[in-house]
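Engineer: The task is simple: from the sequences and hints, build the whole structure.
Residue numbers (this note's numbering): 1 to 276.
Simulated from the structure, these hints should not be mistaken for laboratory data.
Among the hints, a few may not be true.
What the hints assert, rightly or not - Listed next, with one range per pair, are the computed distances between beta-carbon atoms:
#	residue 1	residue 2	range
1	Leu224	Thr86	14 to 22 angstroms
2	Ala157	Pro183	14 to 22 angstroms
3	Asn211	Ile149	34 to 42 angstroms
4	Met87	Pro183	16 to 24 angstroms
5	Gly182	Leu224	36 to 44 angstroms
6	Lys268	Ala161	18 to 26 angstroms
7	Arg221	Ala99	38 to 46 angstroms
8	Glu265	Ala99	37 to 45 angstroms
9	Ser106	Pro151	38 to 46 angstroms
10	Ala99	Gly17	16 to 24 angstroms
11	Arg269	Tyr80	13 to 21 angstroms
12	Leu84	Arg269	18 to 26 angstroms
13	Arg79	Pro147	18 to 26 angstroms
The C-beta atom is built at its ideal place from N, Cα and C for all residues, glycine as well.
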Amino acid sequence: MPTIAVAGNVAVDRIDGEPPSAGGCPSFAARALRMLGREGQILTRYAAADQEFFERVLSTLGVPLTTLAAKSTNGFGFRYEGELRTMTVDSIGQPWSHADAAAIDSGVSWVHVAPLLRSDFPPEALAALAGDGRTVSYDGQGLVRVPEIGPMKVDAAFDPALLESISVLKLAEDEAVVIADGPFEERQARTLGIREILVTYGSEGCMLYVNGEGQHVPAARPVLGVQTTGAGDVFMVGYVTARSDDDDPRIAAEKASSLVAEILEERKRSGISEPI
1 MPTIAVAGNV AVDRIDGEPP SAGGCPSFAA RALRMLGREG QILTRYAAAD QEFFERVLST
61 LGVPLTTLAA KSTNGFGFRY EGELRTMTVD SIGQPWSHAD AAAIDSGVSW VHVAPLLRSD
121 FPPEALAALA GDGRTVSYDG QGLVRVPEIG PMKVDAAFDP ALLESISVLK LAEDEAVVIA
181 DGPFEERQAR TLGIREILVT YGSEGCMLYV NGEGQHVPAA RPVLGVQTTG AGDVFMVGYV
241 TARSDDDDPR IAAEKASSLV AEILEERKRS GISEPI
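Structural biologist: As structure tokens, then:
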């Protein structure tokens with residue numbers, strides 16, 4: 001089976017006043033890979049001062065982990081009201097470079113890139129990750145999230161060069177509205193010029209655009225009343241894994257939705273409010 005990689009910074013998350021927890025896509029991605037029974041490589045980075053904090057979680061991921069050095073670590077605050085959340089940027093992590101792509105294992109065919117802020121992956125870093133014939137999927141929060149300390153700011157002032165190396169783009173509903181400056185529809189999907197775009201709507205499922213043509217994919221099983229941090233990361237690991245197996249985009253989206261439901265149901269049964 002093809003091997004996938006997930007590249008993204010970890011973060012110090014403060015959720016609804018709870019003690020700090022380890023966030024960012026790598027920890028959620030590892031959980032998803034374990035549930036899928038799949039191999040994969042996780043690439044991440046954090047500052048040396050945060051090593052003890054993250055090692056408590058990262059040492060138990062159960063998948064190959066590559067850690068790169070960094071001068072700073074991302075940090076965020078979250079407040080939830082149902083499926084709605086507000087965020088603050090507490091600290092900004094070190095951006096990735098072209099040279100960091102050398103850490104990807106030779107057998108990797110798909111790379112899911114999970115920026116936390118627009119500054120995480122400059123265009124040259126994305127181009128390097130797409131090298132050697134790898135297919136790149138990308139979390140669209142990296143297009144809209146402004147890297148400034150304080151309340152999270154979003155806008156559509158991203159460098160268009162970011163899109164050149166991306167084959168699959170995932171947008172949350174609020175991110176899609178920012179990029180489209182209104183409702184996100186087929187016209188906006190065609191304008192971006194990305195082969196596959198997924199716009200997620202929480203418990204209402206997602207819209208899948210393939211070469212600009214849209215179709216609705218319902219949520220497998222809406223799971224309400226549970227903290228949903230990381231659901232988008234889990235969704236994309238499920239989607240990329242299925243696509244790397246040559247499932248068509250709709251089947252991949254359906255499998256990804258089922259994986260999210262499974263993880264949220266487990267989280268609800270356990271009564272754990274933290275994502276890990």
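Engineer: For every hint, state whether the structure bears it out.
Structural biologist: Consistency of the hints with the structure:
{"no.": "1", "hint": "Leu224 <-> Thr86: 14 to 22 angstroms", "verdict": "holds, 19 angstroms"}
{"no.": "2", "hint": "Ala157 <-> Pro183: 14 to 22 angstroms", "verdict": "holds, 20 angstroms"}
{"no.": "3", "hint": "Asn211 <-> Ile149: 34 to 42 angstroms", "verdict": "holds, 39 angstroms"}
{"no.": "4", "hint": "Met87 <-> Pro183: 16 to 24 angstroms", "verdict": "holds, 23 angstroms"}
{"no.": "5", "hint": "Gly182 <-> Leu224: 36 to 44 angstroms", "verdict": "violated, 28 angstroms"}
{"no.": "6", "hint": "Lys268 <-> Ala161: 18 to 26 angstroms", "verdict": "violated, 41 angstroms"}
{"no.": "7", "hint": "Arg221 <-> Ala99: 38 to 46 angstroms", "verdict": "holds, 43 angstroms"}
{"no.": "8", "hint": "Glu265 <-> Ala99: 37 to 45 angstroms", "verdict": "holds, 41 angstroms"}
{"no.": "9", "hint": "Ser106 <-> Pro151: 38 to 46 angstroms", "verdict": "holds, 42 angstroms"}
{"no.": "10", "hint": "Ala99 <-> Gly17: 16 to 24 angstroms", "verdict": "violated, 39 angstroms"}
{"no.": "11", "hint": "Arg269 <-> Tyr80: 13 to 21 angstroms", "verdict": "holds, 19 angstroms"}
{"no.": "12", "hint": "Leu84 <-> Arg269: 18 to 26 angstroms", "verdict": "holds, 23 angstroms"}
{"no.": "13", "hint": "Arg79 <-> Pro147: 18 to 26 angstroms", "verdict": "holds, 20 angstroms"}
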